[in-house]
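Student: One-letter residues, chain by chain:
2 protein chains.
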Amino acid sequence: MTDSNSLEGLIQALRRLPGVGVKSASRMAFHLMQHDREGAQTLSRALQHAVGSVKHCERCHTFTEGDLCSTCLDPRRDASKLCVVETPADQSAVERTGAYKGLYFVLMGKLSPLDGIGPHDIGLKKLFDRASDGTVREVILATNFTAEGEATAHVIGEALKARGLQTTRLARGVPVGSELEYVDLGTIAHALVDRR
Amino acid sequence: MTDSNSLEGLIQALRRLPGVGVKSASRMAFHLMQHDREGAQTLSRALQHAVGSVKHCERCHTFTEGDLCSTCLDPRRDASKLCVVETPADQSAVERTGAYKGLYFVLMGKLSPLDGIGPHDIGLKKLFDRASDGTVREVILATNFTAEGEATAHVIGEALKARGLQTTRLARGVPVGSELEYVDLGTIAHALVDRR
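Quick mapping for you: the protein sequence lines, in order, are chains A and B. Add 49 to the 1-based position in the first sequence for the numbering used here, that's all there is to it. Add 49 to the 1-based position in the second sequence for the numbering used here, that's all there is to it.
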């Protein structure tokens, strides 16, 4: 719809970003070309740089630029605790709370039989080896509270229990700052059962 | 917050896109690194390519890759009509209607005295020269229906009237497909005045 193939190409490329449809992509492309060509170049370089240097930590699989991430390398972390999350973004969220001093294991996604994603695809074998290394005393299952995340936590929990390891799950309950009236009933029911 | 400077740099660069805050930017960056590195490279190249090849048409200022855009070069367009819009995105919207066969003039923005943007900054001198070239019979003011767009249309309209040129403004009225109950009162008032 524009008079420029490279502008069309830019709009198509921007649509690959999550949550960006054709209208947002056009708006972004027009904005960059009209008002922020320097920003476009910065973004182009940042993408190239990230693709070239961001890889996965060999121990926990989170994003890092070295062989091991700074969390795995930090001797002050409590190696007896292992927190299992679905993605590097989830790991980053747990880390930002400042409430956790153990180590992490980032799954390569979640179990999803409908999409053909089984235990092998998300690296469970490696997790079981890691959890059985003799140092880990507690595995904290912090997968998402979605159907697939719950199923993943269940499968991991059962497998680790069979190996005689202690597993815990993040507490379910009422989010901080929320009013009961607006919290969904399943959450309130869980908060009642897990009351302390 | 992540263990990678280049990932942080990518998040910062993505925040320069309009409508993208720190949460969306993180989500985009994690998505690209985790699931779509090819998309990241495609986007990087598309940005580089667009910055290098997209320029402004010498006649109407819209985006193009040659000296003149395909609309200005098209001999079938009606050169007696000149549609004035604020941005290439607006020009693209008018063009997509298929209801206009004349030529365009894309302003370099809109008059905005508070931001120090005056007639010179948006290329009004060039517009007045173009409108007075003897070929143009009607100037259609299609700036936005915001305070600044209306002021811009008013200033251009007065200046062209003083030069003896006919100007028209896009009709104000009820949007197609809308229910009166939900249309704002100013729009209904205008639709009443301009009824036909």
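For the record, the hints were derived by calculation from the structure and aren't laboratory data. Note that this is a predicted model, so its numbers are computed, not measured. A hint or two may mislead.
Unchecked claim - Residues on chain B that point at chain A, a partial pick, calculated with CB under 7 angstroms:
no. : residue
1   : R64
2   : P67
3   : V100
4   : A138
5   : A142
6   : I189
By construction, the Cβ of each residue, glycine as well, lies at the ideal position given by its N, Cα and C atoms.
Student: Taking the hints in turn, state whether each one holds.
Tutor: Hint check:
Taking 7 angstroms as the C-beta cut-off, the interface hint given for R64 of chain B is violated, the closest approach to chain A being about 9 angstroms. Taking 7 angstroms as the C-beta cut-off, the interface hint given for P67 of chain B holds, the closest approach to chain A being about 5 angstroms. Interface hint status for V100 of chain B: upheld, as the beta-carbon distance to the closest one in chain A is roughly 5 angstroms, under 7 angstroms. Interface hint status for A138 of chain B: upheld, as the beta-carbon distance to the closest one in chain A is roughly 4 angstroms, under 7 angstroms.
Checking A142 of chain B against chain A by beta carbon gives a least distance of about 9 angstroms; that is not within 7 angstroms, so the hint is violated. At about 20 angstroms, the closest approach between the beta carbon of I189 of chain B and any beta carbon in chain A exceeds 7 angstroms, and the interface hint on this residue is violated.
In terms of the numbered hints stated before, the structure departs from hints 1, 5 and 6, listed from lowest to highest.
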